[in-house]
Amino acid sequence: MKTFVGIDLGSTTTKAVLMDEDEKILGRGITNSRSNYDTACRVAQQEAAVDARFTLFRREFGAEDGSKEEVEEFLGGLERAFRLEQFLEQLDDLRETCLTQIHGERFEKNAEGVKLALAEVFKRLSAEAPAMYAPGATRKSDFFRDIAGSRYLALAEEVARAADLPYDLLLNVYDKSIIAVENRPPKGALSDKFHRALKRVTEAGAGLSGSMLKPVEHALDIELEETYLVGTGYGRVTLPFSKEHIRSEILCHGLGAHMMYPDTRTVLDIGGQDTKGIQIDENGIVENFQMNDRCAAGCGRYLGYIADEMNMGLHELGPMAMKSKKPARINSTCTVFAGAELRDRLALGEAREDILAGLHRSIILRAMSIISRSGGVSDQFTFTGGVAKNEAAVRELKKLVFENYGEVKINIDPESIYTGALGGAEFARRAAQGRLEGVDA
Amino acid sequence: MRPSIVKAKPADVEKDASMIKQKEMMANHFNRLTDATESGAKVASTFVPGNLNELIMCFDLVNNLPEVNAIQSGLRKQSGAYIMEAERSGHSEDVCTYVKSDIGMMLKGNIGPNGKKLPDPDVLLLSYTGCFTFLKWFELLREQYKCPTIFLQTPYMADGKVTPSMVQYMVKQLKENVIPTLEQVSGVKFDIDRLREYLRKSAKAEDDLVYILQTGKNKPSPIDAYFGGIYYIGPIFGAFRGTDDAIDYYRFLREEVDQRMLKGLGPVTPDGPMAEEKYRLVVEGPPNYTNFRQFWKMFYEEGATVVASSYTKVGGTYDYGFRHDPDRPLETLAEYCLGVYTNRSLPMRIDMLCDYINEYEADGLLINSIKSCNSFSAGQLLIMREVEKRTGKPAAFIETDLVDPRYFSAANVKNRLESYFQMIEQKRNGKGAAA
Chain A
1 MKTFVGIDLG STTTKAVLMD EDEKILGRGI TNSRSNYDTA CRVAQQEAAV
51 DARFTLFRRE FGAEDGSKEE VEEFLGGLER AFRLEQFLEQ LDDLRETCLT
101 QIHGERFEKN AEGVKLALAE VFKRLSAEAP AMYAPGATRK SDFFRDIAGS
151 RYLALAEEVA RAADLPYDLL LNVYDKSIIA VENRPPKGAL SDKFHRALKR
201 VTEAGAGLSG SMLKPVEHAL DIELEETYLV GTGYGRVTLP FSKEHIRSEI
251 LCHGLGAHMM YPDTRTVLDI GGQDTKGIQI DENGIVENFQ MNDRCAAGCG
301 RYLGYIADEM NMGLHELGPM AMKSKKPARI NSTCTVFAGA ELRDRLALGE
351 AREDILAGLH RSIILRAMSI ISRSGGVSDQ FTFTGGVAKN EAAVRELKKL
401 VFENYGEVKI NIDPESIYTG ALGGAEFARR AAQGRLEGVD A
Chain B
1 MRPSIVKAKP ADVEKDASMI KQKEMMANHF NRLTDATESG AKVASTFVPG
51 NLNELIMCFD LVNNLPEVNA IQSGLRKQSG AYIMEAERSG HSEDVCTYVK
101 SDIGMMLKGN IGPNGKKLPD PDVLLLSYTG CFTFLKWFEL LREQYKCPTI
151 FLQTPYMADG KVTPSMVQYM VKQLKENVIP TLEQVSGVKF DIDRLREYLR
201 KSAKAEDDLV YILQTGKNKP SPIDAYFGGI YYIGPIFGAF RGTDDAIDYY
251 RFLREEVDQR MLKGLGPVTP DGPMAEEKYR LVVEGPPNYT NFRQFWKMFY
301 EEGATVVASS YTKVGGTYDY GFRHDPDRPL ETLAEYCLGV YTNRSLPMRI
351 DMLCDYINEY EADGLLINSI KSCNSFSAGQ LLIMREVEKR TGKPAAFIET
401 DLVDPRYFSA ANVKNRLESY FQMIEQKRNG KGAAA
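Chains A and B supply the protein sequences, listed in that same order.
Take the first sequence: its letters are residues 1 to 441, numbered as in our numbering.
Take the second sequence: its letters are residues 1 to 435, numbered as in our numbering.
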């Protein structure tokens with residue numbers, strides 16, 4: 001089947017959306033942008049292809065809306081098994097890469113010992129992997145580096161101590177290998193991993209009846225042809241696509257928001273280092289836009305910095321700020337100054353939640369200024385980007401929009417992080433259609 | 001404004017014959033300036049908007065334009081160091097970077113583009129035409145040079161028209177203050193017939209300039225009226241209005257532009273003639289000079305030609321019909337000052353930009369807002385909204401600076417420009433288009 005790909009290469013994460021000919025989203029994929037844009041794009045695209053398979057499975061079962069419990073249970077198991085296969089494959093890559101790093105002066109005395117220790121570490125990592133993907137298990141992150149990294153370090157320390165080996169040797173081979181592994185997409189074919197996953201599920205017997213196997217096999221046989229691809233995002237100058245496959249992220253976000261909410265007229269996107277205020281017409285065509293310039297204060301990274309300063313996880317900031325009853329007034333719009341102000345206020349004994357609430361407000365105040373410059377808020381208003389997932393930011397936004405523009409319908413889609421990629425996929429679909437019809441794309 | 005200064009190897013930059021002519025003119029002018037101390041010539045410093053070059057020449061004074069010196073420093077990548085020097089001596093980060101570049105250059109020995117020291121001015125002639133920073137600038141120069149300062153006040157065109165009393169008010173100042181002081185400084189008696197002769201020459205060159213700028217109405221436009229326009233306005237906005245050199249230059253340029261038009265060619269860029277005109281833009285605001293070629297390239301690489309700009313009107317709005325009139329010599333100088341773009345009210349500027357979009361059949365308006373310009377950046381967002389509303393054409397807003405290299409963020413500017421070009425494309429194609 002024909003598919004259209006949109007990729008949004010952001011400063012923090014890279015997102016991909018796979019769309020079919022009927023403008024339906026088949027799959028979404030996300031990965032960390034890392035230092036290699038090319039890999040980030042390929043991994044995100046591959047992730048979207050994996051997600052697309054699950055959409056196809058559901059279609060085969062006639063349960064696209066996720067309403068059939070037994071289908072969801074089965075597909076849940078299949079997905080966990082697939083993720084496990086994927087993890088094991090990358091783990092194997094990591095093991096092989098680590099082995100190639102055992103050379104040079106510092107390994108002269110301990111080369112054999114390190115090899116044995118590595119074998120033990122990876123044996124234990126593989127052994128505990130199924131538990132990480134068991135039903136109900138939670139993982140801190142979905143990115144390989146995060147999952148494998150923390151466990152490798154813990155296990156390596158144990159093994160090194162038991163074998164009386166210097167721990168830093170095991171650390172050294174890991175450090176040299178992880179970037180290489182992360183910067184290449186998993187090499188195995190997706191269908192092989194799906195088949196291995198199916199086998200696992202079949203063997204476990206959970207939730208699988210014979211009647212389910214056939215539709216799954218059928219869906220796996222559908223070829224997903226990449227008909228056209230459009231890329232966008234912060235690194236547009238260095239995007240690994242040719243010029244005719246690149247669209248401005250402003251246009252992609254405008255169109256993406258329009259596709260999610262056709263009555264949208266104003267879009268606010270707050271990403272890692274960009275804040276965009278976009279005005280669109282009834283067709284999703286951009287009328288005007290404004291972005292932050294030279295300074296990324298008030299963008300997603302601001303929250304990341306604050307989280308680091310407070311030694312908290314990024315996702316913990318919003319919930320804590322929601323507890324505030326008396327938000328502090330934060331005067332610094334500069335991220336670094338805000339960090340200093342934060343430390344001062346903490347030292348003065350102000351409550352963390354009040355300070356955090358103030359910081360969220362200051363982000364949104366900056367965003368409001370950018371929106372004003374682009375032409376203000378018109379009904380309906382759609383908020384997208386990573387920061388749209390932060391409930392405290394959303395609360396401040398709603399408050400400020402109401403104070404300044406009155407009653408306006410505010411749309412926030414849980415998948416809003418994919419807005420740019422969605423617009424890109426639609427541009428890809430239109431470009432391919434135009435090419436077929438002989439219209440200049 | 002000074003093509004002679006755009007640094008590029010002759011091999012990789014195409015130059016029109018008119019550009020070579022202009023280069024010679026500029027070189028001669030700078031030699032006259034830097035030789036002034038030796039030759040005994042007196043020097044008048046003044047500004048581009050409201051530049052009374054014909055009058056200055058009547059007193060054998062050599063015209064020195066600090067703004068143009070700042071632009072040159074920008075093009076020659078020297079303004080950054082000058083600005084730092086000025087900041088070190090106490091000028092804040094927010095001060096106009098033309099001023100700081102000029103002050104910094106002065107502090108570092110006032111070396112002109114020909115490598116020789118520029119002379120101290122004998123008189124400062126300020127024809128105030130809307131930019132309030134000019135007043136402060138000359139206050140600083142007066143402090144430094146301790147020379148006579150003349151202030152010719154041009155009433156602001158708040159109501160959108162020139163009234164007889166405005167003209168009389170200015171003529172009175174010319175008669176009672178400007179001319180007597182210039183006579184005193186120069187030791188040359190004012191001769192009104194000499195002024196008439198210069199004005200006659202001015203009008204001749206002005207006719208050709210207008211013709212050239214209006215060729216932007218053609219498709220494709222044979223000129224770029226912003227980046228190329230900077231070169232075209234150089235002589236007439238500077239020290240050559242009223243000279244035979246200017247007449248020759250504009251005749252020459254007109255012939256070249258005519259040739260390109262006949263052949264259906266686009267503008268000449270530093271990388272050769274532009275291949276395809278994909279977008280026709282009207283631009284408001286000055287260009288960035290520290291990254292001039294890089295900035296221009298972002299346009300011509302995408303097939304964007306600027307067909308009309310307001311910046312090429314800061315030294316006179318000749319396309320609205322004004323010509324220097326030898327039969328009314330003092331009145332015409334007053335009317336010239338009153339009419340320059342910087343002296344026009346916000347509604348008048350909006351009207352002008354809308355006219356350009358319609359008459360030049362442009363795809364939209366681009367505003368290059370100047371970070372350090374307090375006089376003209378205010379109101380630009382309103383201008384943008386109003387022009388969008390009236391013309392229905394998309395507009396975009398970018399920010400750079402005149403001559404402070406720290407304020408040119410290439411990736412940001414390019415990102416916005418590309419988004420804008422795609423936005424135009426999308427608007428053109430309407431719903432369902434691939435954009």
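FYI, nobody ran anything at the bench for these hints, they're computed from the structure.
Hints should not be assumed to be uniformly reliable.
Here's a subset of chain A near chain B, in silico, CB distances under 8 Å, partners left out [claimed, not checked]:
#  : residue
1  : TYR37
2  : LEU116
3  : ARG184
4  : LYS187
5  : VAL286
6  : GLN290
7  : MET291
8  : ASP293
9  : GLY375
10 : ASP379
11 : GLN380
Result set (DSSO-like, lysine-lysine): computed pairs, CA atoms no more than 30 Å apart in a straight line [said to hold, decoys possible]:
#  : chain 1 : residue 1 : chain 2 : residue 2
12 : B       : LYS146    : A       : LYS243
13 : B       : LYS189    : A       : LYS243
14 : A       : LYS243    : B       : LYS108
15 : A       : LYS123    : A       : LYS199
16 : A       : LYS2      : A       : LYS193
17 : B       : LYS108    : B       : LYS161
18 : B       : LYS427    : A       : LYS24
19 : B       : LYS389    : A       : LYS409
Chain A residues, not near chain B, derived (Cβ > 12 Å throughout) [stated by the list, open to error]:
#  : residue
20 : GLY62
21 : PRO185
22 : ILE222
23 : ALA340
24 : GLY376
Note that the structure is predicted; figures quoted are calculated from it, not measured.
Every residue gets a Cβ at the ideal spot worked out from N, C-alpha and C, and that includes glycine.
Here's how the hints hold up against the structure:
{"no.": "1", "hint": "TYR37", "verdict": "violated, 15 Å"}
{"no.": "2", "hint": "LEU116", "verdict": "violated, 50 Å"}
{"no.": "3", "hint": "ARG184", "verdict": "violated, 27 Å"}
{"no.": "4", "hint": "LYS187", "verdict": "violated, 34 Å"}
{"no.": "5", "hint": "VAL286", "verdict": "holds, 5 Å"}
{"no.": "6", "hint": "GLN290", "verdict": "holds, 7 Å"}
{"no.": "7", "hint": "MET291", "verdict": "holds, 7 Å"}
{"no.": "8", "hint": "ASP293", "verdict": "holds, 5 Å"}
{"no.": "9", "hint": "GLY375", "verdict": "holds, 7 Å"}
{"no.": "10", "hint": "ASP379", "verdict": "violated, 19 Å"}
{"no.": "11", "hint": "GLN380", "verdict": "violated, 19 Å"}
{"no.": "12", "hint": "B:LYS146 <-> A:LYS243", "verdict": "violated, 58 Å"}
{"no.": "13", "hint": "B:LYS189 <-> A:LYS243", "verdict": "violated, 65 Å"}
{"no.": "14", "hint": "A:LYS243 <-> B:LYS108", "verdict": "violated, 46 Å"}
{"no.": "15", "hint": "A:LYS123 <-> A:LYS199", "verdict": "holds, 22 Å"}
{"no.": "16", "hint": "A:LYS2 <-> A:LYS193", "verdict": "holds, 22 Å"}
{"no.": "17", "hint": "B:LYS108 <-> B:LYS161", "verdict": "violated, 43 Å"}
{"no.": "18", "hint": "B:LYS427 <-> A:LYS24", "verdict": "holds, 25 Å"}
{"no.": "19", "hint": "B:LYS389 <-> A:LYS409", "verdict": "holds, 25 Å"}
{"no.": "20", "hint": "GLY62", "verdict": "holds, 31 Å"}
{"no.": "21", "hint": "PRO185", "verdict": "holds, 27 Å"}
{"no.": "22", "hint": "ILE222", "verdict": "holds, 26 Å"}
{"no.": "23", "hint": "ALA340", "verdict": "holds, 21 Å"}
{"no.": "24", "hint": "GLY376", "verdict": "violated, 10 Å"}
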